[in-house]
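Could you slot chain F onto chain B? The hints should help.
There are 2 protein chains.
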Amino acid sequence: MTRIAVDALGGDRAPAEVIAGAHDAIRDGIDVVLYGPAGLDTGGIELVETIDVIEMAEKPAEAVRAKPNSSLVAAVRAVADGNADAVVSAGNTGAVLAAGLLHLRRLSGVMRPAIAVPIPAREKVSLLLDGGANADSRPEHLVQFAVMGSIFAQEMLDVANPEVRLLSIGEEPEKGDSATIEAHELLREEAGINFVGNAEGRDLLRGAADVVVTGGFNGNMALKLLEGTITELLDALREEITATTRGKVGGLLIRPAARRLRTRLDPETYGGAYLLGLRGLAVIAHGNSSRRAIGNAIRLAARGVDNQVVERLAERLPYRDRRDESHDA
Amino acid sequence: MTRIAVDALGGDRAPAEVIAGAHDAIRDGIDVVLYGPAGLDTGGIELVETIDVIEMAEKPAEAVRAKPNSSLVAAVRAVADGNADAVVSAGNTGAVLAAGLLHLRRLSGVMRPAIAVPIPAREKVSLLLDGGANADSRPEHLVQFAVMGSIFAQEMLDVANPEVRLLSIGEEPEKGDSATIEAHELLREEAGINFVGNAEGRDLLRGAADVVVTGGFNGNMALKLLEGTITELLDALREEITATTRGKVGGLLIRPAARRLRTRLDPETYGGAYLLGLRGLAVIAHGNSSRRAIGNAIRLAARGVDNQVVERLAERLPYRDRRDESHDA
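First to last, the protein sequences are chains B and F. All residue numbers for the first sequence refer to our numbering, where the first residue is 8 and numbers rise by one. All residue numbers for the second sequence refer to our numbering, where the first residue is 8 and numbers rise by one.
One chain only, chain B, in its complex shape (with noise of 0.2 Å):
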């Protein structure tokens, strides 16, 4: 049975929501062993005993080097130890990468992992890589979130030949920043993947490619923005229809679709992201996640696990056959 090491302190709503969503996944068969302090109520759900916490707002590197026997970098070692096959935490995206980077470490070849986020597009689910693993991106990192995201699409997805894009400001190569320019020289010049040209930000949500890659900063920003903007304006509107009777009866019937959309566009129904580029799998889950959404998550890393992500982009990733090659040279 899959068994997923969970930080019950991970996230704005732990222990108690990371609790109920564990419960949620076992329910469907998962293994699931919670990290957090002694005496934590787990309503039965087997407990490695931890001491600290990360809190969101500690700079990650210093507070994992700090903090070893945290509820979080314990999980992510876990893993490491063969513990556990997946750890998912909704706490400090950044301390989970640090924490992922000492006790699984890249794999061969990779510079920075990278955060693949669903986007719930209109068609099609478009993977959005860096969702906000790395704060500042080089060029040549967007170059290998192009080609980890490609193998997930392919292997996970089953997308054929994935489309990728890079998020830009324009189609034309020569705009965006320096940053961006650059990357796309190097992706279009990149074999192995379907570099087809950029994306602007209009296109996110219509399903612009498979994979669409961007620094974390930009990520992290860009999918902060679309989930923003769809709660705003779903409130927005529900407001303006609330404003008149007629609005109201309408409002009654379109519930339905409402729903619907909701739904689709809801970032709980994903629950979770995977860090990719490391030798084990990690679920990093929203700040806020609640129950439903953790539940998800774990689901996620369950699936990851029986799909195996982490051994099918060890195989794939060119990066393993060139570093092995100099290493024989």
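Each hint should be verified, as a subset may be incorrect.
Any copy will do: because identical chains look the same in the list, a pair fits if it lies in one copy or spans two.
Said to hold, decoys possible - The calculated lysine to aspartate or glutamate pairs, modelled on EDC-like cross-linking and capped at a C-alpha distance of 16 Å, are:
no., residue 1, residue 2
1, Lys131, Asp165
2, Lys182, Glu192
3, Lys131, Asp273
Derived from the structure by calculation, the hints contain no laboratory data.
Frame of chain B, contents of chain F only:
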């Protein structure tokens, strides 16, 4: 009467929509002069004959140098020469900036002009700078954007003490890429602005602050993402609604509410945005501006002239004094 120079060939729907929008503005008592090729049927609007066209995809600086008699450059030069009070173009944004730098020149001490884009947030209008004048922005540029945005909000939007936020990926000062972290520090040290911290993408449509500053690449990406998400979401909702009979009936009833929302959020309601930091007034309209957008952009330009946007910025920019002092020294 306020006289506005309009680039008749600027934008994807030029010249037809540009000319039609110009007629609408003239009906409001604005004096419009069009810049375009000989023989252009302007329906009676004064035409200054120009020769070349700068295309959307051309490299701005090169195009402006190579085509001094293009409609875009000639319309900008009209302001420098005193033949018009302001210029409106829906053409190549970079080229408007390049022509502005060359012919209008920067206000004393301004390093980089910026596009100040009004965001139709729920409670109030937020001003986002830079909306895309600069592809690469340094932290010190962002401080100037904050200063220009604050003066603009005070003078033009009647906000007594405008709150300024920096667009980032977390509230904490240490979140973001290195340029954003550095900009946060500089903004905190800057006297004369009311810097209250970071804004996240999710806050943008909620009206996070009176002035939101970010680099031109991020700002342009954010605007396009906002615009695309709004369009895509309202389209998706219509699709869901019209999938059932019940929904269709409800859809008819909520139509006025949906229309009010669409109008509020429609970028064409503003039509354009001021390019701040030059010694003359330029309004940049959206590339695919319709007649309505062009009309509103011309009205915006005329309002800017009447309210002396450039003069007030020039008077109040702190850089002017500093520079004068250093000249005296």
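These are the hints, each one checked on the structure:
no.	hint	result
1	Lys131 - Asp165	within (12 Å within a copy, 45 Å between copies)
2	Lys182 - Glu192	within (12 Å within a copy, 29 Å between copies)
3	Lys131 - Asp273	within (15 Å within a copy, 27 Å between copies)
The structure is consistent with each of the numbered hints, conforming to all of them.
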